[in-house]
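This is what each chain is made of:
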Amino acid sequence: MFSIPRHITRSQLLAILLTGAMVLIVFRLFYLQIIQHEYYVALATDEQVKRLEIPANRGMIYAMDGDNPVPLVMNQQVYTLFADPTVVDEPKKVDEAVRSVAGGNLVVEDVLSKITDKSSQYKVLAKNVTLRQAELIKEKKLKGIGFQRVSQRVYPEGEMAAQTLGFVNYEGKGQYGVEQELNDRLTGKDGLLKSVTDVANVPLSIGKDNIRQEPVDGDSVVLTIDRNIQAKAQETLLAGLQRSGATHGSVLVMDPNNGDVLALADFPTYNPTDFTTVTDEKVFRNVATTEPYEPGSVLKTFTIAAGLDRNVIKPDSTFYNTDSIQVKDRTITNALKDVTGTVTMQTALDNSLNTGMVTIAQRLGDGKEITRGARDTMYDYFHNRLGLGERTGVQIANEQPGTLISPDDVQGNAVRYSNMAFGQGLDVTMMQVAAGFSAIVNGGTYYSPTVVAGRMDGSQLVREQHAQERKGVISAEASAQAKEMIHQARTGYTNTDLPGYYVGGKTGTSQTLQDGEYISTQTVGTYLGFGGDDSQSKYVIMVQVSGENMNLEGNKHAMPIFTDLSNWLLGYYQLQPRA
Amino acid sequence: MSYTRTAQYAGRRQQSWGRNQNTTRFVSPVKLGPVMHTIIVALMILVLGLIYLTQASGSAAYDYQASEIDQKINELATKKADLEVENARLSALETVRNSDVAKAMTQPQSTQYVR
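Residue numbers (the working numbering), protein chains in the order written: chain A, 1 to 579; chain B, 1 to 115.
In case anyone wonders, no lab produced these hints; they're calculated from the structure. What you are looking at is a predicted structure, and each value in this text was computed from that prediction instead of being measured. Zero decoy hints are in this set.
Below, simulated DSSO-like cross-link-like pairs (lysine-lysine); rule was C-alpha separation at most 30 Å, straight line:
(1) Lys138(A) / Lys92(A)
(2) Lys337(A) / Lys368(A)
(3) Lys72(B) / Lys93(A)
(4) Lys79(B) / Lys143(A)
(5) Lys173(A) / Lys72(B)
(6) Lys368(A) / Lys314(A)
(7) Lys173(A) / Lys79(B)
(8) Lys141(A) / Lys93(A)
(9) Lys140(A) / Lys80(B)
(10) Lys50(A) / Lys79(B)
(11) Lys50(A) / Lys72(B)
(12) Lys208(A) / Lys72(B)
(13) Lys141(A) / Lys72(B)
(14) Lys127(A) / Lys79(B)
Some but not every residue of chain B turned toward chain A, in silico, with C-beta under 10 Å:
(15) Glu68
(16) Ala77
(17) Arg97
Positions of the beta carbon are idealized from the N, C-alpha and C atoms, including for glycine.
Produce the complete structure using the sequences and hints provided.
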């Protein structure tokens with residue numbers, strides 16, 4: 001058994017024990033404070049220092065109202081009102097308060113039964129409650145009621161330009177339209193607050209490693225869309241569809257002198273606030289940029305422009321029309337028969353004669369065949385100069401390039417190019433066609449279309465440099481001649497324009513492809529035209545109407561929409577008619 | 001009669017001081033031992049600690065004020081944004097179109113142009 005040596009007194013023993021204990025404590029402290037220093041510092045930092053994200057505000061989106069920007073998409077802090085039934089002590093009072101202050105925001109019908117059902121501690125009662133409403137409810141000091149703050153996009157103009165705008169999903173990411181295409185620019189950069197906090201997460205300045213990085217808000221983007229033109233485009237499109245019975249339609253309005261897109265209307269449409277209720281994804285798509293199609297006869301204006309620029313035709317050049325023309329093993333016929341004999345190119349355009357366009361394509365070659373040289377020339381005009389078959393770069397998500405077969409491709413043969421001369425055998429978007437057509441009627445300068453006018457700096461619009469332009473894609477003389485021919489083609493067809501203005505246009509009725517074959521039971525009606533005064537075209541409008549198993553025509557169903565909008569635009573721009 | 005000397009004066013010759021310098025020095029009669037020194041140092045540390053704590057808690061009080069002001073700024077910014085949204089809604093085309101003023105408007109009979 002352990003015994004204490006006789007020569008050690010009790011006090012000495014106590015001293016030895018205490019010293020031993022002290023040594024142990026010192027070693028332990030050394031271990032904790034020196035060896036484990038980093039570990040415990042990290043633990044303490046985790047406990048005391050909080051990293052708080054300071055969210056950046058997503059940029060707003062504006063449209064133009066004449067020369068003034070007006071908001072189309074804004075941000076609003078709203079609250080989700082919830083209840084914890086296990087804490088609610090005065091259910092009737094809560095029911096009364098919630099109904100009286102936030103009755104329009106309720107997401108449940110029977111509030112009382114929800115707040116008395118104690119099976120869950122989190123019952124959402126109302127959504128999108130404003131700060132003022134939240135304050136009014138808080139003033140009543142009700143137990144068991146809480147608010148959760150969320151930021152949401154709001155759309156003061158409702159459905160306006162929905163397919164151009166897109167929406168922001170629950171992860172805060174832009175989907176479709178400008179929201180998706182300019183997502184990085186609109187998002188901004190979140191800030192960071194790293195600080196010692198108290199129990200209530202109030203940042204304290206006692207820490208030595210505190211960091212505060214201010215958030216950088218996203219750019220507020222101003223679109224070229226004019227809300228008045230946009231609203232009118234939507235209105236006339238809807239009215240036109242109701243008249244024709246068509247189920248789908250799109251209208252594009254562009255300023256031919258700079259490529260600004262002034263309106264982009266699609267039907268069916270949706271309200272971006274309620275994007276979750278949309279069941280058909282196609283409704284989100286911006287048809288003018290994402291759905292290439294065969295535009296049909298409106299592309300005859302491109303063939304005419306190429307022929308005029310290459311000097312192979314004049315408006316009064318003639319050819320002999322037999323209502324059919326042979327290209328290799330294919331016979332191409334006209335839709336409108338009996339305008340036969342020697343006819344001018346103006347007549348060919350007026351009556352949309354396919355044979356006339358094939359003749360121009362032949363004259364771009366050796367005059368008899370659509371030679372490789374002719375095809376190269378057509379490709380140069382259609383693709384390189386006027387931008388068909390490639391993305392225009394307009395700032396709308398998911399833009400499609402379409403298809404324009406090059407003469408280098410084995411499929412880029414004479415038959416295909418004969419079809420392309422009158423708008424078949426290629427897939428292009430309305431945006432491409434409108435941009436190319438703008439160059440034809442504006443004197444020969446191609447402007448890449450854009451929907452972004454600039455950004456807001458405070459309350460000031462800072463205009464941005466325009467996208468690229470290509471001057472001289474056709475000569476000014478060819479442009480003037482083509483414009484006059486298109487004007488004649490319209491005025492010879494209809495007298496519905498306001499007198500004293502210079503308006504032109506071309507119809508297009510295109511068959512649709514089903515399983516690689518053209519079907520006769522479904523056609524798409526298109527109209528493409530311009531308007532303005534004698535000095536300048538102020539706008540280009542392209543209209544497309546379609547419907548499943550419906551034969552829709554450019555002249556009957558698309559042109560009236562153009563006419564309504566064009567006549568309104570002449571007044572909107574306050575253009576003076578010639579005396 | 002006796003008296004207690006409150007100060008001692010040492011002759012200059014006893015010191016190795018230079019000529020024309022102060023020839024006397026003051027020597028306090030109060031003697032502080034090592035314990036007192038320790039206590040004084042401890043008290044000084046305590047006072048310094050208290051000063052530090054006062055300053056630190058003082059700055060924390062400013063933190064709370066700053067936090068309250070930040071909160072107020074956020075609330076006002078939210079209210080401003082709400083008002084801007086309300087303003088945008090009230091001046092939206094659909095609202096304007098349905099306003100009494102717009103409904104009372106009539107189409108002009110004719111338009112004259114100044115040339």
